[in-house]
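S.K.: Residue numbers (my numbering), protein chains in the order written: chain A, 3 to 115; chain B, 64 to 176.
Some hints could be false.
[Claimed, not checked] Cβ pair distances, simulated, as ranges:
no., chain 1, residue 1, chain 2, residue 2, range
1, B, F73, A, K59, 28 to 34 Å
2, A, G55, B, S70, 39 to 45 Å
3, A, K16, B, E78, 42 to 48 Å
Bear in mind the hints are in silico, worked out from the structure with no lab data behind them. Nothing here was measured: the structure is a model prediction, and the numbers come from that model. C-beta: ideal position from N, C-alpha, C; glycine also.
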Amino acid sequence: NAGVTQTPKFRVLKTGQSMTLLCAQDMNHEYMYWYRQDPGMGLRLIHYSVGEGTTAKGEVPDGYNVSRLKKQNFLLGLESAAPSQTSVYFCASSYLRENTEAFFGQGTRLTVV
Amino acid sequence: TQLLEQSPQFLSIQEGENLTVYCNSSSVFSSLQWYRQEPGEGPVLLVTVVTGGEVKKLKRLTFQFGDARKDSSLHITAAQPGDTGLYLCAPISNSNSGYALNFGKGTSLLVTP
Chain A
3 NAGVTQTPKF
13 RVLKTGQSMT
23 LLCAQDMNHE
33 YMYWYRQDPG
43 MGLRLIHYSV
53 GEGTTAKGEV
63 PDGYNVSRLK
73 KQNFLLGLES
83 AAPSQTSVYF
93 CASSYLRENT
103 EAFFGQGTRL
113 TVV
Chain B
64 TQLLEQSPQF
74 LSIQEGENLT
84 VYCNSSSVFS
94 SLQWYRQEPG
104 EGPVLLVTVV
114 TGGEVKKLKR
124 LTFQFGDARK
134 DSSLHITAAQ
144 PGDTGLYLCA
154 PISNSNSGYA
164 LNFGKGTSLL
174 VTP
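Next comes chain A alone, as it looks inside the complex:
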């Protein structure tokens, strides 16, 4: 049972390039989340999804887009990467009920130069 898998684990981008981060979960979870983690800032919610075909903005959505075409996958896109988007990105998933545990991936370390 793989749980939550993030691809890729590391990436270096040049300013202005685009890329997509993939999150896949095999637990049949309805909820999926994308966070970024910067030193001293904890985890900040970028976007989240409560089900296939639905997405919602979190605390820091600017510069990112997401899609949830399949229940098991949640994609995070950067259309034109900026150095300010250098961060560690975490994906998480959970069942559709309050107080349930969120399961996290191992993270993607992204550097924009």
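Using the hints provided, position chain B relative to the given structure of chain A.
M.R.: For chain B alone, kept in the frame of chain A given last:
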């Protein structure tokens, strides 16, 4: 936007000492979760507290949810090097877009032998 503060931001103690970390907010929450994150890993759920005044114990860790459900504390007795990590609180809030899991900035704990 809810104001969520965790304190202290950093804590370095020796093995065997006791410590308490805090999670405070200006908002009332329906429930709150505590997660621990080890270096290079995603956060892992420790506990969920739901009722005002609730106290939960997990071995040497004691979690309390404030009576007014606006704050929470985590007390560790006789800390061990294995307790080292980033402790994150995550109040659960409900919106029209579903449940958004937002995290505080965390308390970084270092326990030295």
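S.K.: So the hint says 28 to 34 Å: do the beta-carbon atoms of B/F73 and A/K59 match that?
M.R.: holds, 31 Å
S.K.: Cβ-Cβ distance between A/K16 and B/E78: within 42 to 48 Å?
M.R.: holds, 46 Å
S.K.: Between the beta carbons of A/G55 and B/S70, is the distance compatible with 39 to 45 Å?
M.R.: Since the Cβ atoms of A/G55 and B/S70 sit about 40 Å apart, the hinted range of 39 to 45 Å holds.
Consistency with the previously given hints is maintained throughout, with no hint failing.
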